[in-house]
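Spelled out, the chains give:
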Amino acid sequence: MPDDKRTAEELAKQQAEPLLPAEKWLIFGSISLGLALLGVLLWLTGAM
Amino acid sequence: MRSWLRSEDSWAVLTGLLVLLLGLLSLAGVNALGWVPKANEWTTPLKAVSPASKAFALPGGVSVLLLYTSLLGFLCLGAWRMGHSVKRFAVGFTVLFAVGYGCWVLGHYAHLATTPNKMAEKGITWGLGLTSESGYLLALTAGLLVGNFFPKAGEWLRESARTEWYIKTAIVIIGGVYGFKAAEDVKLTQTVLVRGLAAIIEAYLIYWAVVYFLARKVFGFSREWAVPLASGISICGVSAAITTGAAVRARPVVPVMVSSLVVLFSVVELILLPFAAKLFLTDEPMVAAAWMGLAVKTDGAAFSSGAITAGLLTDDPAQQQAMGLTTSTVKVFIDLFIGVWAVVLAVVWAYGVDRKPGQGVPLKDIWGRFPKFVFGYVLAFAGLLALGLWLTDPVAKKAVKEGMEQADQLRRVFFVLTFFAIGMGANLRRLWAEGLGKLALVYAISLFGFVIWFGLLVSWLFFHGVKPPTVGGN
Chain F
1 MPDDKRTAEE
11 LAKQQAEPLL
21 PAEKWLIFGS
31 ISLGLALLGV
41 LLWLTGAM
Chain D
1001 MRSWLRSEDS
1011 WAVLTGLLVL
1021 LLGLLSLAGV
1031 NALGWVPKAN
1041 EWTTPLKAVS
1051 PASKAFALPG
1061 GVSVLLLYTS
1071 LLGFLCLGAW
1081 RMGHSVKRFA
1091 VGFTVLFAVG
1101 YGCWVLGHYA
1111 HLATTPNKMA
1121 EKGITWGLGL
1131 TSESGYLLAL
1141 TAGLLVGNFF
1151 PKAGEWLRES
1161 ARTEWYIKTA
1171 IVIIGGVYGF
1181 KAAEDVKLTQ
1191 TVLVRGLAAI
1201 IEAYLIYWAV
1211 VYFLARKVFG
1221 FSREWAVPLA
1231 SGISICGVSA
1241 AITTGAAVRA
1251 RPVVPVMVSS
1261 LVVLFSVVEL
1271 ILLPFAAKLF
1281 LTDEPMVAAA
1291 WMGLAVKTDG
1301 AAFSSGAITA
1311 GLLTDDPAQQ
1321 QAMGLTTSTV
1331 KVFIDLFIGV
1341 WAVVLAVVWA
1351 YGVDRKPGQG
1361 VPLKDIWGRF
1371 PKFVFGYVLA
1381 FAGLLALGLW
1391 LTDPVAKKAV
1401 KEGMEQADQL
1411 RRVFFVLTFF
1421 AIGMGANLRR
1431 LWAEGLGKLA
1441 LVYAISLFGF
1451 VIWFGLLVSW
1461 LFFHGVKPPT
1471 VGGN
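Heads up: the protein sequence lines correspond to chains F and D, in order. Heads up: the first sequence begins at 1 in the working numbering, then just goes up one per residue. Heads up: the second sequence begins at 1001 in the working numbering, then just goes up one per residue.
Do not rely on the hints blindly, as some may be mistaken.
[To be verified] Distance condition first, Cα-Cα at most 35 Å in a straight line; then the derived DSBU-like pairs of lysine-lysine: (1) D:1152 with F:13; (2) D:1217 with F:13; (3) F:24 with D:1217; (4) D:1438 with F:13; (5) D:1364 with F:13; (6) D:1187 with D:1467; (7) F:13 with F:24.
[Stated by the list, open to error] According to the in silico footprint, chain F covers these stretches of chain D (three or more CB under 8 Å from chain F): (8) 1199–1208; (9) 1211–1220; (10) 1449–1463.
Since the hints were derived computationally from the structure, they do not count as laboratory data. We put the CB at the ideal spot given by N, CA and C, even for glycine.
Take the sequences, apply the hints, and build the full model.
Dropping the structure here:
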């Protein structure tokens, strides 16, 4: 099991990493696709 | 083959399938599991336990002893193959079984378990009506007490407190039990399977993205920490944190640390959500069941909270099984896609984030960390569903049904062992450990501020109005 104290120190020392374009695509692409697919599935199950 | 037999996943599949095969011997007229003990709601201790089949005229105590020795022998074999200390495992398992099964039987005490509609039948005038599932809560409480107030004893028992092994075994058994049950009501099964697809979309495409964004943008976590954290909160707890951690090449310490938080919060959810469902979703049992699968993290806690919710919302076994099918379908569907999501992340990281020449997708690593017991569940579910659809002879159907009911008694034993082990592994002090607050905070905000409520909304949208069957008709 890792040491809590060392992990805490590491977390405190973390440098800010800006969001890269690939991450932005992943985040916003996922949410958009997810909401669209939920809508389609809801429509399909409603028609069942 | 040798390395295959060294993982808890493999032994869980092996143990679960063996139990189901023994149950299926009923088709050949062999009552191989009839001796398994069954806890009954009791007012006098002598009637607390009896063999699952009336064909066995054994005292309950002998039945429990038989179960203990059989489990000890088989599990010690597994512990030995996995390289654990057999002696420590055997001694620890003895304590685990004694406390766990003791809690299970105590939870059947009529004043604790009997619901108001059955009190007259049991000859009692008052009771808490917690149903027999209170045995699980007692086991969880016992585990929390040991793990947090007697840490040395908890450490000593750790060798035998194999949460993952026990719950995955129970899940494989459940797969077979629900598969055979599903054959009795194909329409309901179809409804649950189609609506269960919403869980995959929600967990991977919405939960993950929102939590990852929150961890990176609002809390300033690095990518290495944000990926396992988002996976732990949104997908399947420990397995997802570890598998996706491997996919983005995070150091092992990161998903392990996240996993310890996942376990802690899942205990909190396990205690709170079933009672919330009892308060607000009494008329929508299928919504409640889907909600447990969507909102509660870790397989053990999700299946366990599903079982408690089913017990709290209804005492009709047919309804409880339909609810169980819903929770397990939602959870297993989510589990099934961990590998796919890990590959997606590995590709994005290899080509869009790290961009190191020659660095490909660590497929072998991802496969190695994928929770393979889900194949055991799918195999058991599909196999028993096919058998149920194929059998037409009512005598044969009844024999398999009895065999599965006996197998289900063993599933309950593995569940109660899981509850005790989950409690023991939940070190509540870690929540207040200096410096880890930020990690716990992002987890708490994501879980209680978003995951639980969005899960409830989606469960409501897809499952409201779906009525589970009742005993004696739909």
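Results for each hint:
1. Taking the CA atoms of residue 1152 (chain D) and residue 13 (chain F), the gap is about 33 Å. The hint holds against a cut of 35 Å.
2. Between residue 1217 (chain D) and residue 13 (chain F), the direct Cα distance comes to roughly 16 Å. Compliance with the 35 Å bound is thereby established for this hinted pair.
3. Taken as a hint, the residue 24 (chain F) and residue 1217 (chain D) pair is honoured in the structure, with Cα atoms around 11 Å apart against an allowance of 35 Å.
4. The straight-line distance between the Cα atoms of residue 1438 (chain D) and residue 13 (chain F) is roughly 12 Å, inside the 35 Å bound, and the hint therefore holds.
5. Restraint check for residue 1364 (chain D) and residue 13 (chain F): satisfied, since their Cα atoms lie roughly 32 Å apart, inside the 35 Å limit.
6. This hinted pair checks out: residue 1187 (chain D) and residue 1467 (chain D) have alpha carbons roughly 11 Å apart, not beyond 35 Å.
7. At roughly 24 Å between alpha-carbon atoms, residue 13 (chain F) and residue 24 (chain F) fall within 35 Å of each other, so this suggested pair holds.
8. Counting residues of the stretch 1199–1208 of chain D whose beta carbon lies closer than 8 Å to any beta carbon of chain F gives 6, which meets the minimum of three for the stated coverage.
9. Given as covered by chain F, the stretch 1211–1220 of chain D passes the check, having 5 residues with a CB less than 8 Å from a CB of that chain where 3 are the minimum.
10. Counting residues of the stretch 1449–1463 of chain D whose CB falls under 8 Å from any CB of chain F gives 3; the rule of at least 3 is met.
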